[in-house]
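*Asks:* Chain by chain, the residues run as shown.
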Amino acid sequence: MTDQRSQAEIVRQSLKRRYRKERRFRAYGILAIAIALGALLTLFTDIIGKGYTGFVKTTITLEVNLDREMMYLDDPTDERQMKMADFVEPLIQALIQEIPGATEEDRDGVRDLINPYASVTLRDAIKANPGWLGTTQTMSFLTHTDVDVYVKHAGDEAYSIKLDEQQRAWVDELLERDVIETSFNDVFFSGGDSRDPSKAGILGAIVGSLLTMFVTLILSFPIGVAAAIYLEEFAPQNRFTDFIEVNINNLAAVPSIIFGLLGLAVFINLFGMPRSVPTVGGLVLTLMTLPTIIISSRAAIKSVPPSIREAAEGIGASRMQVVLHHVLPLAMPGMLTGSIIGMAQALGETAPLLLIGMVAFIVDVPDGFFDSATVLPVQVFLWAGSPELAFIERASAAIMVLLTFLISMNALAIWMRKRLERRW
Amino acid sequence: MKLNKALVTVALAGSVAALSAPAMARDTISIVGSSTVYPFATVVAERFGTKTDFSTPKLESTGSGGGMKLFCQGIGTQYPDITNASRRMKTSEFELCQSNGVTDITEFRIGSDGIVIASSKDAENLDITLEQLFLALGSKVPVDGKWVANPNKSWSDVDSSLPNKPIRVMGPPPTSGTRDSFNELALAAGCDALPEAKSLSKDEHSAICESVREDGAFIEAGENDNLIVQKLIGDAAMYGVFGYSFLEENSDRLQAATLNGRVPTAEAIAADEYPVARSLFFYVKKAHIGVVPGIKDYVDEFISGAAMGPNGYLKDVGLIVPPRAALMDLMDKAEAMPNLTLDELK
Amino acid sequence: MQPANLLLLTLVLAVVAYGLGYARSRSLAMPLGGIRHLKSLPFYYGARAALWSGIPALIVLALWAAFQGKVIQLIVIGGLPEGMIPASEGEASLLLSKISNVASGALSPAFAEAPIAEAAERLKALRSQSQFLMSALVIAVAVLAGFLGWLRIRPRLNARAQVESILKWLFFSCAALAILTTVGIIFSVALETFRFFEKVPFSEFFFGSQWSPQTALRADQVAAEGAFGMIPLFTGTLLISAIAMVVAVPVGLLSAIYLSEYANKTVRGVVKPLLEMLAGIPTVVYGFFAALTVAPFISDLAASLGIEASSQSALAAGAVMGIMIIPFVSSLSDDVINAVPQAMRDGSLALGATQSETMKKVIFPAALPGIMGGILLAVSRAIGETMIVVMAAGLAANLTANPLETVTTVTVQIVTLLTGDQEFDSAKTLAAFALGAMLFLATLLLNVIALKIVRKYREQYD
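For the protein sequence lines, the chains are S, R and D, in the order given. The first sequence: position 125 = 245 (my numbering), numbered continuously. The second sequence: position 169 = 215 (my numbering), numbered continuously. The third sequence: position 221 = 388 (my numbering), numbered continuously.
Just so you know, these hints were derived from the structure itself, not from any lab. Watch out, some of these pointers could steer you wrong.
Think about it this way: if two alpha-carbon atoms lie no more than 25 Å apart in a straight line, the pair counts; the simulated BS3-like pairs of lysine-lysine are [unchecked claim]:
1) S:Lys422 to D:Lys619
2) S:Lys203 to R:Lys361
3) R:Lys192 to S:Lys247
The shape of chain S in the complex, shown without the other chains:
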């Protein structure tokens, strides 16, 4: 009797223990997922928190008196005169006028409020409108990066404010009167790299990325699909095709930086192609994405049920006809999905491009496949390595743009998989 009871007791107790273990195990699982998703969340909040101010620019609106004598300029169409003319003085005068209490003696302090490239903006404006000479125009200019940082991050400990007390008072005053304003940073999307953070933009990097991706796409998609078709449908089962197969699987796992070494040794040193150009970048990324595309295309071909093949063969279609008329159209959505994912990988790749010289300081937006260029992830890398926090802000903003591209590409792939892929 007592024996039995204790047996039940033991079982009950052990059950308790076992259920507790069960709950604990389950909790571990939830914890693991929480850690992973927490990391994702932290990453995103960190980058958005650091970078959203990168989409804001600070401008100053001034009444500029374009006096001929002050600028030493009579005829804006004369190149020599334009070269020698002084485009800084009108800006300084306009600023002194705008700031109450500022005098000629404050020239230097006043000059440091406006972007060093404002004079270039002014010159271009006069070049475009020669009639402005001798009149007073209301124009808006970028402020100096120090002012930009002060306006956006005053009170933020991470940022150091380089303006002195006097300048801060001026900027506060001008902000009050809406002479200095913040607005959407279109400069960021319309310019190339610059040494001045306020003037730096990602257009050059985006165009570079697009050119590189174009080369990658037109090479890797047709070649990848064709190779997949050959391997799945036509390859005789022998050592050689086995070898190719093992190779492709292994190539997919080769670290990307090795492809950079290959590109450096073969394309640049052996073939004498120029450094830092999208064509070479595209070739290197093609080699890198090919295995991904081949593998996913083969999986897509494999998933077409044999009944379809057999039906087509049954009514006398040749092997090639079976493939081109029946298998390929059915496998196409899967192939496209795989290719989009492969392209997204290539778009985010940085390491191999560092080795083929796509890290130079390039200001001009590239206009061809053989023009020096950089790409979006490399631009992020370059800015992230710069000590100025204003560049870190731009790097975070560039990351947001990059992630937007990547997430939309992946979303497209998922959407396509859901919409187009057939389940058999």
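Based on these hints, arrange chains R and D on the given structure of chain S.
*Replies:* Just chains R and D now, with coordinates in the frame of chain S:
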């Protein structure tokens, strides 16, 4: 199959053609060289690109030595047009240039720079003599009259007035002119101050007095001075060696060590009072002028009053600009483009 | 005509040839009593005609485009007056560059010497002539070959077999390209590696415990001898990878178990894509996160605990790398766990085991080899990862196992050695290739083993 043969032939022909691709015409100036001059040169290049109709020059930071090597490889569009240097061209480099057909070179001395030993503002600042610096960083130091591998582990091992922290200094690699100047101006000078150095032969002198220890206390960072700055800001136990301009750009977060009782300031460097000051240069390959468009205009922009004048934009980014008279000389030089000769370098 | 336009035109001609071939096969079939008397369908006759017209034309186009530049250059140089003919290759390249810059307008012709301006004019003329000739030739070849192909269409001709074999060839050459890539990697990397070992002895590279690759650039420079011992690099790589695995394996594995055994459909539908998102984030973003957020956080945290931590601790780079690898581990383990037959699960549950006991005592042991394979793949990914360590790990080659210290990795050194430097004769540059070769071999080995394990395991239950 006949077709196979045709395909193979075409593939071969194609690759041969690719191998012997004709040299491309270049219409963008290509600049290499010192990472110390890089921040100045990029600003000039960017200005030049926005001001003129020429395309913006392409810059790569390769270090003074690496830049010289590339520059002296020959003439032709695949070689750079201009190299920047944070020290003067060496005679060996000049000879390399000559032997590769780069005979006509013009030299421009564009101002001065000091080499600073800096640390994060959170760190303990160093007040050190060059002699102590050599004892901390030299590969061999005298102990009881004998030259042995540097045994000093922490700064206080060198001198008790120095902080009791392990010696960890981050500096540029030998491709860098900053490293060359650091070896010559700081280490060798410190070594010479030691009584034991007097008895060294000339060969021994250069082998001992100009070499940096390699046991991990001196860490060679790449050519990217920005990187050193960033790593210093994060690590209070680390000191870094780089150009004065980087110190100035980050003056809110970095502090400089006092060397031989001198704090590096623009005035002290320009007046040569600070012990580790040197001049900055760039070299132009004359054969490329008139071939690659805009080289002359780039030089003009670099030495213009707008850039290097007393209120020039290069001063804003930390260059210690030459006095007015020297600037006028530079402008004459840009007009005449005289050839550099071996005698000048000796 | 521009080559790109010409390419389009060739394609248009091929389409025309297709139409004509198609029509001719039909008209040949008419008198015989319909297309069923043809050997192949009319489509194939059309396609054959298109290939006949297109392929030779494209070959001519490619050859012409490849060689025209060189030929034009030779003619331009040859046409220069006696005194200006360049002596060396470098001068020739300068001269040609000058001429073509004058021709394109990048250099003002007003400043160029008369012979150069003339040469530029000649260059422009030659270019347009060459383009005209190329267009004429390509079109002629396309039309002529298309016509020949068209003429040879007979009802007995097996057009389908011909077209199909050409296509098959095309497919084959694409597949062979994958081989060429591997061969290319092996050759290029191996060649430079051999050259490296000519300069640095084997034993030093493999067993040396010092890494300091900077060597003298000039004859008169006093610099380090250069030490090429890769042990500190490999231990550094292993340390960071190990930290990454410590983060990624438990988190990845447990989340895979939870998702496959416990979570309901909606949870899985939300969490799985989110986890996969971690794999889609570019490594440069992780590097940015590690260098600017995680590393300072860790060193501050350590400082507040009174421990000294470097600002580029192995821990920061390793932890962030671990986060990156989580989805890799979880999706591989997910596959493996799902591959365990349901019968084993049912059997265990029927005996009264709880879900966690089933998992731990039955499924996990059964899935273990597959999971090991997956982990090996993840390790190979970790040791080849570049951007995170380039941005967040240090450059100092320390031989240490302390995760709070700075270490450097193989990939960091490859990038450091090769950015900016374009020399191919120094041991320093070649060392990067030797490291690359080691990295390639290590990842290859890990992969081959992992794939073998995974495959063997799959066979067990199939």
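*Asks:* Now look at each hint and say whether the structure bears it out.
*Replies:* Verification of the hints:
Our distance criterion of 25 Å between C-alpha atoms is met by Lys422 (chain S) and Lys619 (chain D), whose separation comes to about 21 Å. Among the hinted pairs, Lys203 (chain S) with Lys361 (chain R) is consistent with the structure: their alpha-carbon atoms are about 21 Å apart, no more than 25 Å. Proposed proximity of Lys192 (chain R) and Lys247 (chain S) is contradicted: the alpha carbons are some 72 Å apart, above 25 Å.
When the structure is compared with the earlier hints, a violation turns up for hint 3 alone.
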